[in-house]
Structure formats: structure tokens, C-alpha cells
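Sequential numbering from 1 applies to the sequence shown in full-length UniProt numbering.
It should be emphasised that the hints constitute simulated quantities derived from the structure, not laboratory data. Please read all numbers here as calculations on a predicted model, not as lab measurements. Incorrect hints may appear among the rest.
Said to hold, decoys possible - Listed below are the simulated SDA-like cross-link pairs for lysine to any residue, each with C-alpha atoms no more than 25 Å apart in a straight line:
| hint | residue 1 | residue 2 |
| --- | --- | --- |
| 1 | K125 | V112 |
| 2 | K12 | D100 |
| 3 | K45 | P90 |
| 4 | K125 | E95 |
Claimed, not checked - Restraint ranges, calculated between C-beta atoms of paired labels, are given here:
| hint | residue 1 | residue 2 | range |
| --- | --- | --- | --- |
| 5 | H19 | D71 | 23 to 33 Å |
| 6 | A9 | S42 | 43 to 53 Å |
| 7 | S42 | R102 | 25 to 35 Å |
| 8 | L84 | V124 | 45 to 55 Å |
| 9 | Q26 | E133 | 27 to 37 Å |
| 10 | R53 | D100 | 46 to 56 Å |
| 11 | G48 | E157 | 35 to 45 Å |
Note that beta-carbon positions come from the ideal geometry of N, C-alpha and C, so glycine has one too.
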Amino acid sequence: MSAINLTPAQRKEHRAAAHHLDPVVQIGADGLTPGVLKELDSALKAHGLIKVRVFSDDRTAREALLGQLADQLDAAPIQHIGKLLVLWRPIPPKEETERDDRRPGPKVVKIVKFSKSGNHRPQVKKVRVLGNERVTTGGSVKRAKRRTISVKKRAAE
């Protein structure tokens, strides 16, 4: 794998976005273990831009670690400031599975009934309507009927 190359302007944008972030992964005395790599990978998948705290006093070792992380995780090194490292990788698109048997979910509908004389306030009632129900013009909830499909549309399907 190779690290992602960014322009200086893109790197600057990511540095600004990472300013308010807290470190999500901390690398201790054991260094870069497989568990740490797994956590870093999952954090990059979830967030894209992460901060990593390294508990090491050797600056050159931290710089080498930043390059090693970028190569192993296919990420772009954004910043190394003190004991904090910032990495970025684009978030992969989530797979959406489309279900054919899916029906509309419940929703809250506000029913307003006006008084017959104009002197009184209208009555407002919130009703939960399920996917197989409908609200009639009178304000009551009934079961929805299956929509009839025309013969031409049925033949086209």
C-alpha cells in the first residue's frame, strides 16, 4: 500500500478540521501492535480524520511512526505536533441494501379540527399512523387499501 498524496491546501484544510478533535487512539510503550493497527483502521473507516497520541519522547521515532502508519493504513499524514499525530483517509462509501419487502414506517400526523363557530380555537390532535394506515378527511385513522394498478401498467411490469 502507498500513502495518499495531498496538496498543501488540502493538508491545510485537514489540519484546521483536526484542530478541535481529541485523540482516539493512544500508542503506549508496546509501540505499534496488531491491536493498535486494527483500532486505527476502524477509527479511520468511521471518522476519516483522526488524532493519535504517542507516549514516546523520541521525536524522530514519532516521525518514523507517522510515516509507517500512513503506509500501513493507506492514509495521508497530515500533521505531527508534539506527541500528537494526525492521519486522514477518505471514508469508504457504506453499502446500502435495498429491500423489496419494505413498507413505510410509522409517522406522527397532526389532525386539526376547526370549530363550527369561528369563536373557538381549533382542536389539534397528534396521531401516530402506521405504514398500513391512512388518515381520512374526517380525521379518523383507517387501514389503507392496496392501490389498484391499471391494466396497462400491470402489463408493462
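Evaluated hints:
1. With a C-alpha separation of about 6 Å, the suggested pairing of K125 with V112 holds against the 25 Å cut-off.
2. For a cut-off of 25 Å, the pair hint linking K12 to D100 is broken: about 45 Å separates their Cα positions.
3. Restraint check for K45 and P90: satisfied, since their Cα atoms lie roughly 8 Å apart, inside the 25 Å limit.
4. Annotation: proposed proximity of K125 to E95 is violated, straight-line Cα distance about 39 Å (limit 25 Å).
5. Take H19 and D71: their Cβ atoms lie about 25 Å apart, and the range 23 to 33 Å holds.
6. A hinted range of 43 to 53 Å for the beta carbons of A9 and S42 is inconsistent with their spacing of about 29 Å.
7. Distance hint check for S42 and R102: the Cβ-Cβ separation is about 29 Å, which falls inside the suggested range of 25 to 35 Å.
8. Against the hinted window of 45 to 55 Å, the Cβ-Cβ separation of L84 and V124 comes to about 53 Å, which satisfies the hint.
9. At roughly 52 Å, the beta carbons of Q26 and E133 sit outside the given window of 27 to 37 Å.
10. Range check, R53 to D100: about 47 Å between beta-carbon atoms, so the 46 to 56 Å window is met.
11. For G48 and E157, the Cβ-Cβ distance of about 42 Å falls inside the hinted range of 35 to 45 Å, so the restraint holds.
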